[in-house]
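Asks: Chain residues, written in single-letter form:
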Amino acid sequence: MQALYAQLLVGLINGSFYALLSLGLAVIFGMLNIINFAHGAVYMMGAFVAYFLLNLTGLGYWWALLIAPIVVGIFGMILERTMLQWLTGLDHLYGLLLTFGMALIIQGVFQNYFGSSGLPYAIPDELKGGMNLGFMFLPIYRGWVVIFSLIVCIATWYLIERTRLGAYLRAATENPTLVRAFGVNVPRMITLTYGLGVGLAALAGVLSAPINQVRPLMGADLIIVVFAVVVIGGMGSIMGSIITGFALGVIEGLTKYFYPEASNTVVFVLMVLVLLVKPTGLTGRAA
Amino acid sequence: MTDLKMAEVATKPATTQVLSVSDLQAWYGESHILHGINFNVNAGEVVTLLGRNGAGKTTTLKSIMGIIGKRTGSIRFDNQEIIRTSSDKIARMGVAFCPEERGIFASLDVRENLLLPPIVRPGGLSLDQIFDLFPNLKERLNSQGTKLSGGEQQMLAIARILRTGARFLMLDEPTEGLAPVIIQQIGHTIARLKSEGFTILLVEQNFRFASTVADRYYIVEHGKVIDGFANSELSSNMDKLHTYLGV
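In order, the protein sequences belong to chains A and B.
Per the working numbering: the first sequence = residues 822 to 1108.
Per the working numbering: the second sequence = residues 246 to 492.
Pulled out of the complex, with its shape left as it was, chain A reads as follows:
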C-alpha cells in the first residue's frame, strides 16, 4: 500500500505541473488563438531564473517564486509584442511553427551554456523534511507543491471566471473587435494575457526545480504530455484544464503502480480514446 500512496503522490505532483501548464496554454489559446509550443521552454526558463537568482544574487526560493514568473512573463510579453502579434488572423499552423521555433532556439541557447545535465537546486529550509501521515511518509516540499499549485489554479480560475477583468478577457475571447469598440485596449490585454500564461509556466518551473533539478530540456520532455492533457481536457476551458491536469497526473501515477509498463503511454491512449468519442475534448466547446 505504501507504494500505491507514493505513486499517487507522484501523480498529484505531476498533475500539479500539468494543471499549471495546461491552464496557461488554455488562457493563451483563448485570447491569442495560438497553440504555444514555447510553453515548455518558458517553464524551463522559470527554473533557470530561480537558479540564477540563487547563485548570482543570493535570492532564495521564496523570492524566485515571486520574481521568476514576472521576469519570464515580461520576456513573454516582449515575444508577443515583437513577433506573435503579427500572426493575428492567420492559420493556427503559423503560430505553432513560430512558437516551436522559439522553443528550439531558447532551449538551444541554454543547452549551449549549461549542457544537458541537471543543475542542483535545493529545497528551501522551511520545506525540508517530512511528515508521517500514518499511512505514508509525506515529504513536506511535495505536499507544498500540490497545495500551492491548487491555490494558484483556483485563483486563476477565479480571476477569469468571476472578476471584471476576467469578464473583459472572456468577452474579448468571443469578440475582440466589439470589446475594443467599447473602449478596452484589447491589444494590451492580449499582451498581458500571454504574459500571464507564460508566467504560470515559469511558476511551475520554479516549483519543479527542487524536485527535478534545473535542465535545459526539462520543459521539452514535459510539454508533450501537457499537450495530450490539453487535448483531452479541451482547449479553452479553464476549469477543464485544471481538473484534467490533476486527474491525468493521478491516472498516470496509478498506472505506474498497477501496470508500470503502460505508465508512459496511458495519457496518449486516453487522448486517442477521447478524440474518437469527443473530438473537442472532455470540456471543450466546438470551434
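Quick caveat, the hints were computed from the structure, so don't treat them as lab data.
There may be inaccurate statements among the hints.
Claimed, not checked - Selected chain A positions facing chain B (in silico; Cβ < 10 Å):
no. : residue
1   : Lys949
2   : Ala988
3   : Leu999
4   : Val1000
5   : Val1007
6   : Lys1099
7   : Pro1100
The beta-carbon is built from N, C-alpha and C at its ideal position, and this holds for glycine as well.
We have chain A already, so just place chain B on it with the hints.
Replies: Using the frame of chain A, we list chain B on its own:
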C-alpha cells in the same frame, strides 16, 4: 461634390456639429464598399440612414467606430479627425455602438454583459435608470447573456452602452426581427434618450419605425449618400423614398 451639397442643404444652421463625415471610402479586404459618404449629425439630433440591404449603412457605422480595416476620407467627431484613430480611443471619446448582431457575449451573464463596457466619461445612466427603461433586464441579471429572448438581447445591447457616459450613440437596426410591442418600447427609449440630450445615429430598414423617432434622413445607395431631407419634408419626399427603397 453634389453629395456634399445635398447633405448641407439638409443641415439646420447654427447648431453644433457632433459628427461630420466627408468623402468616406471603406474596404472589406479587396472589395470597395463605401465610395464617398458625406453627411453630418448635429448635437441632440436623431439621424437615420436609410437604404436597401448592402447599400453600405452598417459599413458606415463601423467605419465611424473604427472597426473597418481600410478607410479613407474624413470623419470628424467633436471637431477631431478620427479616420486614423483606433476603435478603443474612439469609444473613449464618447462614441458608443450597438451592432446589428447585438453582440451579446455567451460566456458572460446578463449582469456582466451590462457592466462590460467601461465608463468613458461621467454622466451615463445609472443602473436604476436603466432598469427603469428596461424592467425585463432586472429580472434576468443572472441568466446567461445569450439565453435571453431576441427582444431582451436587443434591450441589453442598448442598455449597456447607456451606462458608459457616451453621448453619441450608433444603433444598427435595433428593431430587426422584433415583435411590434418591443419595437414600440425601443421607440420610446430612443425618444426618451433624445429628450435627455443624446445624439443618435440610427440605421433602419423599418422606415415606419424610423419616421417616429428621426429628425433627419440620409439615403445611402451603392456606398454613397444620394439624398437627404428633414422629417418635416417627409411627406413631399415619399415618392422618391419609395423609389430609393424599392418598397
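Asks: So, for every hint listed, does it hold in this structure?
Replies: Checked hints:
no. : hint    : verdict
1   : Lys949  : violated, 44 Å
2   : Ala988  : holds, 5 Å
3   : Leu999  : holds, 5 Å
4   : Val1000 : holds, 7 Å
5   : Val1007 : holds, 7 Å
6   : Lys1099 : violated, 20 Å
7   : Pro1100 : violated, 21 Å
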